[in-house]
Each structure stands twice: as structure tokens, then as C-alpha cells.
Amino acid sequence: MTLLEGKAVSVSFGGVQALSAVDLSVLEGDVLGLIGPNGAGKTTLLNAISGLCPARSETLKFNGTEISRLKPHRRAKLGIARTFQVVKPFDRLTVVENVAVGAMFSGHKIPTRSRVIERARVALEQVGIASKADLFPRQLTLSERQQLELARALAMEPALLLLDEVMAGLNHAEIEKTMALIHHINKNLGITIVVVEHVMKAIMNVCNRIVVLHFGKKIAEGAPARIVESPEVIQAYLGKRFADRQRRDQAQRAAQR
Amino acid sequence: MAGFEKKDAGPALPSIVLGAAVLVFLILAPFVLSNYWLRVLTSILMYGVVAQGLNIIVGYTGYHAFGNSVFFGIGAYSTGVGMALGLPFGLALALTVPVAVVVAVMVGWPLLRLSGHYFAIATVALNMAMMEMVINVGGITGGAQGLALPINPMGPAVLYKIIYLVMLLILAGATATVYWLDRGSLGYALRALRDSEQGAQVMGINTTAMKIMAWAASGSFTALAGGVWAYWFTFIEPSSAFDINISIKGYVMMLMGGLGTVFGPLIGAAFLELFATIIWGKFLKIHLLILGMLIVLVVTLMPQGLLHHLRWFKRRGKPKEVIR
Amino acid sequence: MLFQTIINGLLLGGLYATATIGFSMVWGVMGVINLAHGAFIMIGAYVGYWAFAHFGLDPFLTIPLSMAVLFVIGYLLQELLLNRVMRTSLLLSLILTFGLDMFFINVVILLFSSDFHSVNTSYTGSSLKVGTAFIPYVRLLTFTFALILAGGFYLFLRRTRAGHAILATALDKETARLMAINPFRVYSLTFGAGAALAGAAGSLAAMLFPISPIMGREFIGAVFVITVLGGIGSVEGCVLAGLLYGLIQALASLVLGVSYQNIVAFIIFLLILVLRPQGLFGKRFYGEIS
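Chains as they are written, first to last, in this note's numbering: chain Z, 94 to 350; chain P, -1 to 322; chain W, 551 to 840.
Hints are computed from structural coordinates only; laboratory data are not their basis.
Hints are not guaranteed to be accurate.
A few chain Z residues facing chain P, derived, Cβ under 10 Å [what the hints assert, rightly or not]: (1) R167; (2) A169; (3) I173; (4) R185; (5) A248; (6) Y330.
Each pair of labels, with its calculated beta carbon distance range [what the hints assert, rightly or not]: (7) V805(W) <-> W278(P): 41 to 47 Å; (8) S672(W) <-> I149(P): 54 to 60 Å; (9) Y177(P) <-> L821(W): 35 to 41 Å; (10) K202(Z) <-> P96(P): 28 to 34 Å; (11) T671(W) <-> K280(P): 50 to 56 Å; (12) G702(W) <-> N243(P): 34 to 40 Å; (13) F281(P) <-> H714(W): 43 to 49 Å; (14) H604(W) <-> P96(P): 56 to 62 Å; (15) Y177(P) <-> I764(W): 39 to 45 Å; (16) Q178(Z) <-> M729(W): 27 to 33 Å.
Cross-link-like lysine to aspartate or glutamate pairs, in silico, DMTMM-like; alpha carbons within 20 Å at most [as the list claims (entries may be wrong)]: (17) K181(Z) <-> E195(P); (18) K154(Z) <-> D123(Z); (19) K181(Z) <-> D193(P); (20) K100(Z) <-> E151(Z); (21) K100(Z) <-> D123(Z); (22) K164(Z) <-> E195(P); (23) K225(Z) <-> E211(Z); (24) K170(Z) <-> E195(P); (25) K310(Z) <-> E325(Z); (26) K100(Z) <-> E121(Z); (27) K294(Z) <-> E314(Z); (28) K270(Z) <-> E258(Z); (29) K283(P) <-> D665(W); (30) K310(Z) <-> D116(Z).
This structure is a prediction, so every number in the text was calculated from the model and none was measured.
No residue lacks a Cβ here, since even glycine has one placed at the ideal position from N, Cα and C.
For reference, chain Z alone in the conformation it holds in the complex (with noise of 0.2 Å):
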């Protein structure tokens, strides 16, 4: 079943078109990747599913509803969660706080302030930050805000997870857990998930499905196996010296058999 659904997204600022007719389709349980190079559209293209940036498209669907036109809270609200590359804890209130926020303002009501904390800690836990629950966020390293940020997202209890880059600045300890924790979340709690990610390894483990992007286009989606060796996507990260160098590779391969 197609969880999200975007036909033609396309955003563009002042003179600059960040997305160009881009089609995305997210099936139900994927854990999608979306990769590109630096200043490809990968974060705008949340920003628009999510609502926070101005984004034309013929269709915008999530669930079988129409979201285009709706704003960033009633997405939220549908079950749409997402972290922030640079993370927006909520710096004056505590981590159980922050947390709590989530599941307090999700679509889902919980009924009482007593399951609104056990939401909250439950969501710690998974993350693995529980111990921090009385800290504010000043307070954690950079990777436990990362997970700060993601805790708040699963509090939400959302059927759909966008993820950006939250193993930026992680040691790879820290890029091992987190590779753990999104298998979890997708195979254990049942969250389809849209990872934006620079490190290769963890998207070649995670996804089932990447799309490339390449300034605001979509040229390339597939299974991971396929993209790393696609001549486009080759010749978007390392230029076309490469990507020719790909192609007479495959050419012979070709030959061979």
C-alpha cells in the first residue's frame, strides 16, 4: 500500500528551482533512502512533505489524503514525524519535557498527563537516552541530541518517520546503534521511514529503496545493489570521468557473459 505519494513536487526560491517535478512514492514499511550530493533538494524535499516550505505539485498524498495544502501541524497530526538536520530541541524545557511534547500534540489523544510521561519514557528507552530524562538538552553531547531529536519523533507514535541525517558528526560506534535503532523502528514498531544520508554504509544497510537526487531532479531509484553501481548516480557524485570509467566496466561485464 502507497503510504505517501508525491507526483511533480517541485519548490523554488526567489530565482532558485531547489526541486524540479520530482515523483516520490513510499510504500508502506519502506525504509527509503534519499541521497544526492550537497545542495541536492534532499532536505527541502522533507521540508515540503512536511509543510514547512511553499511547495507546488499535481498530487501530495499521504494516507489517500491530500496534505498539500494543509499545514505543517495537521500533517504532524495525520502521522507524519521528522527530525531536523541541525537540531531544535526545546532548549528551557527538560528531556522528558521535550519528549512528552510529542506525544501530547500528536494525533493521537492520550488521555491523561501520567501516560503522557510514560509515552515520553517509553520513547527514551527505545532511543536509549532515559537516563538523561532530567537534563535539559544543553546538557547532552551532540549525539545524544540526535537521539533527542529522534525520541521526540517516535513519541508521536506516527506512521511515517522522515529521518534528516541524524548520523552527521557520529562516531562509528554511535552510526552502529543508530543503524540498529532504525531497524527496530521499522521492523519492530511497523514506522515506514525516508532517511536523507551521507553515510554510505548505513544507507546500504538500512534501505530497501534509495532515490537520488541531483540538483532538484530525481535521476535515479532503485534497489541500493543497483544504484551504487548507476552510471548517473556515479557521475552526479564524482563527475563523468568516473561514470564512463562505470559504464565500460559494465559494457565488459556485459561481454564477458
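Mind docking chains P and W on chain Z? Use the hints.
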């Protein structure tokens, strides 16, 4: 201990005792104080309302409405005009609330999209614009000549007591509202949007509606204070009803006491207004100088507010609240 | 009548423009809204008056004196007080400068009393006749001096090292720091220069307006509108916006009546903030609509 649970633990014993003493004093005041001191106390209560109004929009929502005195003036003039049209004081005062709400909604819609400094000075411009509008419209508002309100036949002794009580009730209402904000989900929504508007939006908070509601509440209480003030002084004119110093004083009181706290603005109001009254009495010639210096000192040395520095009031959480 | 109005508006606009440049630069470079700016203008007027009344100095010659006095006041205020507060919060600096404004007004009342004073020279009454309009010499000269000061400041910013340091800090404080520019020194310099310009404008204003301790408050409204209209931090913007403001005020006065001129200004101000916050020449880096 979670932030939620800490709140439920309540304040320390010294503050409960002090709070009770203050409450008793406030109730007995009309029977105990001389007319002069009762008026001073009423003034403190009035500024307490203004400071709490500011606390809602500044402390909790993060929008620095320096020109919030516009609501004070709106309250004064709505009450004045209402009474000039024949309404009794109670009704005229009650009607200031819908007027304030309508203004907050109409003006908040465009202005609350501005951030930081821009919003602050836009509210100042709004205040000045309203003042000019009253002057130019003239007619039933009396324009630049001012507007006289009907004098109550009861005579000053009884009247001042009634005014005091009405002001006390309004302050109680304002404080109760802030208390409710401090603990309720609406309060969390406001604080979230204060710290990160986009973060709040993607978590399901309708930031536009929340901001406007907060300003409407802030404006309503401020307008009520203005309405009572108008009846109290029986004569109002644009430059004093829309005096920007009213909100600046309120702002400093809120800062001094501690913004984003329930009782901070009250402490700030009591301190500054008492101080200003004493200075006015003894040092008329240099009172501006002293007030100016006091403001400079407070801002430079105690930006977190008195409440933060007084140990015997238990604060939630440990790290300081930094004013952005 | 229309021609006279236009001339009046433009001449006054030039003065307003120069009175505003300091305020606009301080806001643009440091993000500080200096509510004591009106007091600086007022102090400049009083310095000018004092030198004129006690030493018979021609008012135009008092300009260097008022500039020097105000530069020192501004520099010290920034060094000792504002730099400290800016580290915590920019909005607090607004309250701080409000307190300073009250303080200065009271000091001036103590020194000079709240009576009005005026500066009258031999040429105060005379005018030049151009077509159907009368141009008072004083207004023409103040206009000229105002523009010279504005031009001088513009050149200072673009042609001197100190000026470059100020512009660099406005654009990017961190990078400027990497280039061995001490931002706090630059702030003090900027604040001092802004105060100096206000002082000069004050000396000029002394010739046109009654001098009183609260005359600064009459200016501050115009200063705000012109800053936002011209684009925060832009000298050219200030000049053009100042002339435009003077013109609009004069025309509003003519068409709607004198009492409406302020409200027209405030409405324009609010409209700009909501519709085009960067003004005519500014860049959209402060107060973006969220």
C-alpha cells in the same frame, strides 16, 4: 526526579508561610490601610496585572510585546466610551475583554509572524498608532481633550475599597491563568513554540492559533487593568492611557521578578512600584535618574530575575533560564 | 503651496536622515536597538546650545564639539555597559537603553532645567526665494551639512580600515574575528560613531527646533521608520528613506492636516515590517518572517 514530578512536590515551607501571610494582608488591607497606602497597593496590583499579561506573551510565548500598553489604553477607552454611552461600570469593564480579544486576533495575525526585535518595535508602533487614532477620531472618545468618566456617588472611601477589590480579583485571575499555563498542555505548547517554532509545528502544535490565543489572554487582562484605572481616575487622555512607560515598567517588573514563572512578575511589581512611589515622594527631581539607573542595574546584573536569586523559593530544574 | 511643501519636506528629511544613520548602523552591526538615541540627539543639541550661548560659537561650528562629546559618551557606554549585556541577550539591551534614556533626560533637566531654549543667529529669519517657495537659509544649510555628514560617514565606512572593520563585522562576526578584528572593539567604535552622528544632528536640530530635554523623544519615532524603510544598516538607505519620510510627512500634513502626520508614519512603519521587512535597501537577515 522528572520535571513533572518536581512541580507536584510544591514549594518549600517558608514560601507557603510567606504566601499565606501576603494573602491575609491583601484581604485585610482595605480595612487596615489609609487611603493613600491603599491607593499605592492598588497601583501595585495594577502593575502586577500588566506584568502578568506581559508574562503570558513574553515569558511563556517568547514574543516581546513592548507595546502591550496598547491594550491598557484600549481597556481604558472601551470602558470610558462604554460608560459615556450609558453602560454601568461592571458591564463596560466586562465588554473590554471581547474588544481586546478582537484586536489581538486582528493585529496578532500579521504581527505575530515577525520575530524578535521586529515584533517588539511593531507593538510599540501599534501603541503609538492607536494613541494617534484616538486623538484623531475625537468624537465620543474626547480625542486629545480627554474623556471624563462618570463619578461614582458613593464617595472616595467606599469607592477606593471597591476598586482595590476589583483589581485584586483581576490579578488573581491573571495569576491563576499563568499558573494554569505553567502546568497545562497549552503552556507546554507555548513554551515549545517559544524555543523552536518549527520544531513545535512538526510535532502537531498549531503555533499560529496558540500565539494569538496567548496574546488575546495577555491583552484581555491588561485591558481589564486599564478599564479599572480609567474608572479610578475618572479622567483619561490618550497620552496617559497609551503611555509606553506602562509596558516598559511592566516589562522590567517581569524581568526583575523572573519571567516565565508564576509569581515572579508579582514580586517585581511590588518591588519596583514601592520603590518608585518612595522615590517619587522623596526625590522628585531625580526620580527618572534613579529609575533609569535601577533599570540599567537590573538588566546588567540580574537578567534572570530576583526569583532566581532568592534561594528559599524552590525553582523547577537546575540550569538557568536564559532570556533569548 | 505644493512646491513649498515638497521643499520643506525634503529639507527636513535630510536632517532626519543624518539623525538616523547612527541608529541604523548600530542596529545593523550589533543588532542593538538603541532607545537612548533620541537622548544623544538631545545632548548634541544642548552641547551646541551651550557653546553658542556661552562662547558665541556659530552653531555650525559646534558640530565637531558635539560629535566629540557624544563619541566619548557612546564609546564608554558600549565598552562598560552594553558589551556586557549583549553577551546575554539582545532584547535586554533595548530595556537597558530605555533606562539610559530616562537617566540622560533627568541629568539634562538638572543641568539646564526643563525650560525651552533656542538658538537664534543673525541669519535665522532670512530666506532664499526660489520660484514660489521660500527656503530659510538655516534649513538649507542644515540640509547641506546633514548630507555632507552622511556622505562623510559613507566614505569612512568604505574607504578606511576602521570602516571596513565595521562592515565586515556586520556581515559576519565570526569570520571578522578570524581576521583579527575584535568585534567588541568594533562595537564600541560603531556605537561611538553612531552617537557622534546623532550629536551632530542634534547641533543642527538646535537651529530648527525648540531645545528641550525631551526633544529626543520627538525624533525617535521618525528614526525608527526611516531605519526600517531604508533597510537596517544601510547609509544610502537612510538618506533616501529620510528624504522620502520628510516628503511623506509634509504631504500628509498638507493633505490630511498636521495631526495626521504621525499616524501616517506609524502605519507606513507597520506595513513595511509586515510586507517588506528588509526595507528598500536592506538584506533580509534580521527578523525574517517565520
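Hint-by-hint comparison with the structure:
no. : hint                            : in the structure
1   : R167                            : holds, 8 Å
2   : A169                            : holds, 4 Å
3   : I173                            : holds, 8 Å
4   : R185                            : holds, 6 Å
5   : A248                            : holds, 9 Å
6   : Y330                            : violated, 30 Å
7   : V805(W) <-> W278(P): 41 to 47 Å : holds, 43 Å
8   : S672(W) <-> I149(P): 54 to 60 Å : holds, 56 Å
9   : Y177(P) <-> L821(W): 35 to 41 Å : holds, 38 Å
10  : K202(Z) <-> P96(P): 28 to 34 Å  : holds, 30 Å
11  : T671(W) <-> K280(P): 50 to 56 Å : violated, 43 Å
12  : G702(W) <-> N243(P): 34 to 40 Å : holds, 37 Å
13  : F281(P) <-> H714(W): 43 to 49 Å : holds, 47 Å
14  : H604(W) <-> P96(P): 56 to 62 Å  : holds, 59 Å
15  : Y177(P) <-> I764(W): 39 to 45 Å : holds, 40 Å
16  : Q178(Z) <-> M729(W): 27 to 33 Å : holds, 29 Å
17  : K181(Z) <-> E195(P)             : holds, 9 Å
18  : K154(Z) <-> D123(Z)             : holds, 16 Å
19  : K181(Z) <-> D193(P)             : holds, 8 Å
20  : K100(Z) <-> E151(Z)             : holds, 5 Å
21  : K100(Z) <-> D123(Z)             : holds, 18 Å
22  : K164(Z) <-> E195(P)             : holds, 13 Å
23  : K225(Z) <-> E211(Z)             : holds, 15 Å
24  : K170(Z) <-> E195(P)             : holds, 16 Å
25  : K310(Z) <-> E325(Z)             : holds, 12 Å
26  : K100(Z) <-> E121(Z)             : holds, 17 Å
27  : K294(Z) <-> E314(Z)             : holds, 18 Å
28  : K270(Z) <-> E258(Z)             : holds, 15 Å
29  : K283(P) <-> D665(W)             : holds, 14 Å
30  : K310(Z) <-> D116(Z)             : holds, 9 Å
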